[in-house]
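Enquirer: Read off the chains here:
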Amino acid sequence: MSNHLSGPVEDVTGQSGYPAGHPPRMGFFTDTSVCIGCKACEVACKEWNLVPESGMDLLGSSYDNTGALGADTWRHVAFVEQVRPRESAPVDLGMPAVGRPGGQEAADADRDVTWLMASDVCKHCTHAACLDVCPTGSLFRTEFGTVVVQEDICNGCGYCVPACPYGVIDIRAGDGRAWKCTLCYDRLRGGLEPACAKACPTDSIQFGPWDELRGRAQQRVDHLRASGVPRARLYGADPDDGVGGDGAFFLLLDEPEVYGLPPDPVVTTRDLPAMWRAAGVAAATAAAVMVAAFLGGRR
Amino acid sequence: MAECHPVGFQWVMEAKQRGAVVIHVDPRFTRTSALADLHVPLRAGTDIAFLGGLINYVLQHGLDFRDYLLAYTNAPAIVSDEFGDTEDLAGLFSGFDPATASYHPRTWSYDGARAAAPIGHPEMGADDHDERAAEERLGATGEPLTDKPRMDPTLTDPRCVYQIVKRHFARYTPEMVEQVCGVPADTFRRVAEAVTSNSGPERTTAWVYSVGWTQHTVGVQYIRAASILQLLLGNIGRPGGGILALRGHASIQGSTDIPTLFNILPGYIPMRRAHRRQSLDEFVAADAGRTGFWGNMKAYAVSLLKAWWGEAAQPDNDFCFDYLPRIDGDHGTYRTVLDQIAGTVKGYFVVGENPAIGSANGTLQRLGLANLEWLVVRDLQMIETATFWRDAPEIETGQLRTEAIGTEVFVLPAAAHTEKPGTFTNTQRLLQWRHQAVEPTGDQRSDLWFYYHLGRRIRDKLAGSTDPRDRPVLDLTWDYPTEGGHDEPSAEAVLREINGVGPDGAALSSYTQLADDGSTACGCWIYCGCFADEVNQPARRRPRHEQSWVAPEWGWAWPDNRRILYNRASADPQGRPWSARKAYLRWDPDLRRWTGPDRPDIEATKPPDFQPEPGAQAQHALSGTDAFIMQTDGRGWLYVPTGLMDGPLPTHYEPPDSPVANPLYAQQANPTRQVYPHPDNRTHEVGSQVFPYVFTTYRLTEHHTAGGMSRFLPYLAELQPAFFCEVSPELAAERGLEHLGWATIVTARAAVEARVLVTPRMRPLRAGGRTVHQVGVPYHWGGNGLSVGDSGNDLLAATLDPNVHIQESKAATCDIIAGRRPRGADLRRLVGNYRVRAGLTGPAGMERPDGTDQARGT
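The listed protein sequences derive, respectively, from chains A and B.
For the first sequence, the positions run 1 to 299 when my numbering is used.
For the second sequence, the positions run 1 to 858 when my numbering is used.
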């Protein structure tokens, strides 16, 4: 089964019509367990892609004054402050060292404070609803398997905006066109890694072939769980999820909702066959009713 | 570290991935705490009590690294019986002179042995200097002195350093740490166990600090406390050990090595003093130790003079020693500001700095700027220091009037680091060459261009002068090749001059080649070798995977491309690694030399059993086990017999503004701290009910120091778009502060308004028998740029460490109230009312918080 609208896809690039021998699918693995919230990714992205400033607003959302992904924000670092009751077992600091790598927790005397940081980005979905609904062909799948808007073709219809299950793509005010992360398509064509990954000091943002990244991510999450971080999990790495897996996926240390991510995103086109089937049934029923009425009338 | 050095923090994360335990001790829960295994909040300004607690823990439990301690530290050295400790003298050491609020260090010396501080006393009072130097040469008893102290290898003599240190810190128990620092004794014990169990032959622990340790009236003693702990545990000179100073921004290390400081010359040679005629030999004799590598100070000094004055510097004129400028006391930045206010300093160069925002007590800074004849500001942006005459907060309050300010301000646009080549010297003494990426635009020029052409024009104006006072300028070697349309001097030529040349004019390769006869020239002896083989060594970029794990071919580290200082201590006295796991250098008996992945800092062929001849000088007087090669006795100093202004051992003193009485001593604050009496520079009473809260200042990742490189840039300004303060939910409830609302923070110096972030990351502590709330105040803001706000540093008093003249900016007290501050003259009235309520209405002078306290005025 080719799974054109949902489900796992072996070769999303080939499926989009690129001939054999196309580059491997490229993506991001964002390991939030080593994110230090420096926001270098946000700045590097804006510098490279000439993304406008997005407002001098103090949001009071911990150290996050960016708020959300949007037309003028293609990387967004979320800061989540959590207070938990004191955990009973203190961290073992003895020898040999068995700290909690990536645990991101520190015990105060009367409360455990956790400060989660995570850099969000366009997911470059296997089944990209934005691309599927774009009537002009402005959104397209690149030879790297990523999803890019061509700003000279976009007519600003905005269909892509509600289609995105993550709320990533958006219309730029005063410009009218849709903008989002290109996974630095220009840099990739020049053999460079995306600006955010290049700037990330702790390798929280890793760029590379999708298959390789997924293997690395699985190892990391296994290691963290074995080191006493049971809440560690991958997000967007499963090809069986509602979008067929994300080209940009994450290692999270808590539920996705904590970071403002949808727990079970579903590509809007997944339901198209069912909708068509339902529409077909409805149409057939209507036709049958009409026929019946007609036949009934003759009686 | 994650907050202010995110790029360096990648290595902490890598170490953590490899199993290192990361502990973060900080009043606030920061981005570093978020990634650490354990965050230990403590009351700001109490780190000596915390570190002293660790020292005491090590000594009480016998956890010191005894073989290391005996071989490489001065633990066995016997101290003069005239020495009196703070335990005996209510918090003072022997030799305190209340009249001058300073110490005579004579009684601190070793028994019958002379020790010299590595850089002498850079600026001891003019008249006392020779007297003190003579005292140190002769010793307390007037007996002729040896260079090596008498030793008690059993460490049982009550006058040996080990016993003195043990007694000094005996009361720094976990319970005392809890009382002083607000760190629960159990938490403290966990840290102590982690540190001690990760130290010894098989393991090492590193301490990393930044200005949270240095910017105190006892900042030098904070670092000393860490040094004592690391020496006790054998964590110096060994891989994975050390005490790492993270500097405030790029190349601050470089601007200490090639100093922008008033009291030292390049390579930590002390500045000349202006007291009396002194020959070069007398200068060297007064400051340098006879033994250890400082015994070569004359070679370093003569080579420096040759680099500066070239052919003019000859043996018969003492190598132009009299051309050197001289100091007659404190000329630090705060003294200079007070002198501006007093009208004795007329002109001011401000280069890449924004003191109106970045220095403590902004009001003093701006009053000084307003009383100059001329001011030169070289910066990337129109910073507040350049526009104070029209928009200083004091203009709004009426304290200053634009039409009454006579300062002529010259603003010169500077080239950014991407627009000029040069070096950065960062915390690990590593020089890395920066290549120019783009040409500067418009009138922007590099600092090198500015100073070179300024000097050239001054020399043109003086050409033909016969006035002897112009000779130092006219005789300077000022012949750098220039290139490009703007006649940019060659930065590589400057680096080569710093490296130095030999008699044949070829680049030198090591400071051991420097001579005191004028045959060598070297601009900074510790940098000698950075241009070895006529190659720009800092420009080397060999990837780490293509060389040894020490990566000696990435950049160049001073001195001698040595990556770990005092690395002789990485091997045992016999020259064998302490353990296979921590192997670094070893003595190879077959090759008869030291081998390993790094350059040894002991002479490469000096065997472990080497014993010096009697009367030997400099490094030749050090034995094969004297690992601390800069010290006169070759040992790491737990106890400092000479060289510090405020005592031979770190002692917990409260900050000048403190919420509590010193729980350890009757002496409240550092008795030798420098105070600058001024009505706008008052400190608060101990435990003041008017200023009941502690605040600490700091930086955020998103902004750069005083904001000149971030508040003006949209991509950075939008990330932290407003001045805010951080408070705990408990303090917010107590003071009615609302998240995202406004708060006014008040001290006797100023009142500023900030948006409020209420966060569980801030938490109250129990210390000194009361609840202490701490307010976090990032200091980046001012009135110019895209992200604007009041300046947190306005809240601080300028009160200084006596050794290095750094201000107390990490611990002070304040009040915080809900709502915005008053405008105009009402703002001054508010601060004035607070002063009245706090009883700070007498003549501004030396506040003596506990009635018995002394402070040193300058």
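In case anyone wonders, no lab produced these hints; they're calculated from the structure.
Every value quoted in this text rests on a predicted model; they were computed, and no experiment measured them.
From the three backbone atoms N, C-alpha and C, an ideal C-beta is built for every residue, glycine too.
Treat the hints loosely; a few may be bogus.
[What the hints assert, rightly or not] Part of the chain B face toward chain A, derived, beta carbon under 10 Å: (1) Val-7; (2) Ile-458; (3) Tyr-715; (4) Thr-744; (5) Arg-755.
[To be verified] Simulated restraints on C-beta separations: (6) A:Glu-10 with B:Leu-244: 31 to 41 Å; (7) B:Ala-437 with A:Gln-15: 34 to 44 Å; (8) B:Arg-823 with A:Pro-230: 47 to 57 Å; (9) A:Leu-50 with B:Asp-443: 19 to 29 Å; (10) A:Pro-23 with B:Gly-484: 38 to 48 Å; (11) A:Glu-151 with B:Thr-256: 19 to 29 Å; (12) B:Val-535 with A:Leu-50: 53 to 63 Å.
[Unchecked claim] Interface residues of chain B toward chain A, partial, derived using beta-carbon atoms under 8 Å: (13) Pro-6; (14) Met-13; (15) Phe-29; (16) Ala-34; (17) His-704; (18) Phe-712; (19) Leu-716; (20) Glu-718; (21) Leu-740; (22) Arg-761; (23) Thr-771; (24) Ile-817; (25) Ala-818; (26) Pro-822.
Enquirer: Each hint needs a verdict: does it hold in this structure or not?
Expert: Status of each hint after checking the structure:
With a cut of 10 Å, the hint placing B:Val-7 at the interface with chain A holds, because the nearest CB-to-CB distance is about 5 Å. With a cut of 10 Å, the hint placing B:Ile-458 at the interface with chain A is violated, because the nearest CB-to-CB distance is about 40 Å. Annotation: B:Tyr-715 was flagged as interfacial toward chain A, and the flag holds, the nearest CB pair being 5 Å apart, inside 10 Å. Evaluation of the B:Thr-744 hint against chain A yields a violated restraint, the C-beta minimum of about 17 Å exceeding 10 Å.
Among the interface hints, the one on B:Arg-755 holds; its C-beta lies about 6 Å from the nearest C-beta in chain A, closer than the 10 Å criterion. For A:Glu-10 and B:Leu-244, the hinted distance range of 31 to 41 Å is not satisfied, since their beta carbons lie about 50 Å from each other. Taking 34 to 44 Å as the suggested C-beta distance range, the pair B:Ala-437 and A:Gln-15 conforms, at roughly 42 Å. The supplied range of 47 to 57 Å is met by B:Arg-823 and A:Pro-230, whose beta-carbon atoms lie about 54 Å from each other.
Separation of A:Leu-50 from B:Asp-443 is about 26 Å and conforms to the stated range, judged on CB atoms against 19 to 29 Å. Roughly 42 Å separates the CB atoms of A:Pro-23 and B:Gly-484, a value that falls within the hinted 38 to 48 Å. The given range of 19 to 29 Å is broken by A:Glu-151 and B:Thr-256, whose C-beta atoms sit roughly 50 Å from each other. For the hinted restraint 53 to 63 Å between B:Val-535 and A:Leu-50, the CB-CB distance of approximately 39 Å leaves it violated.
Evaluation of the B:Pro-6 hint against chain A yields a held restraint, the C-beta minimum of about 4 Å falling below 8 Å. Interface hint status for B:Met-13: upheld, as the beta-carbon distance to the closest one in chain A is roughly 5 Å, under 8 Å. With a cut of 8 Å, the hint placing B:Phe-29 at the interface with chain A holds, because the nearest CB-to-CB distance is about 5 Å. Below 8 Å, beta-carbon pairs count as interface contacts, and B:Ala-34 has one with chain A at about 4 Å; its hint therefore holds.
The beta carbon of B:His-704 is not positioned within 8 Å of any beta carbon in chain A (closest approach about 12 Å), and the interface hint is therefore violated. The interface hint given for B:Phe-712 is broken, as the beta carbon of that residue sits about 12 Å from the closest beta carbon of chain A, more than 8 Å. A least Cβ separation of about 7 Å between B:Leu-716 and chain A falls short of the 8 Å threshold, and the interface hint therefore holds. Interface hint at B:Glu-718: satisfied, since its Cβ lies 5 Å from the closest Cβ of chain A, which is below the 8 Å cut-off.
Checking B:Leu-740 against chain A: minimum C-beta separation of about 4 Å stays under 8 Å; hint holds. This hint holds: B:Arg-761 has a C-beta 6 Å from the nearest C-beta of chain A, less than the 8 Å allowed. Interface restraint check for B:Thr-771: the shortest CB-CB distance to chain A comes to about 12 Å, outside 8 Å, so the restraint is violated. For B:Ile-817, the interface hint is violated, since its Cβ never comes within 8 Å of a Cβ in chain A; the closest pair sits about 20 Å apart.
Restraint check, B:Ala-818 versus chain A: the minimum CB separation of about 16 Å is more than 8 Å; hint violated. With 8 Å as the threshold, the beta carbon of B:Pro-822 stays out of range of chain A, its nearest partner Cβ sitting at about 22 Å, so the hint is violated.
The structure shown violates the earlier hints numbered 2, 4, 6, 11, 12, 17, 18, 23, 24, 25 and 26.
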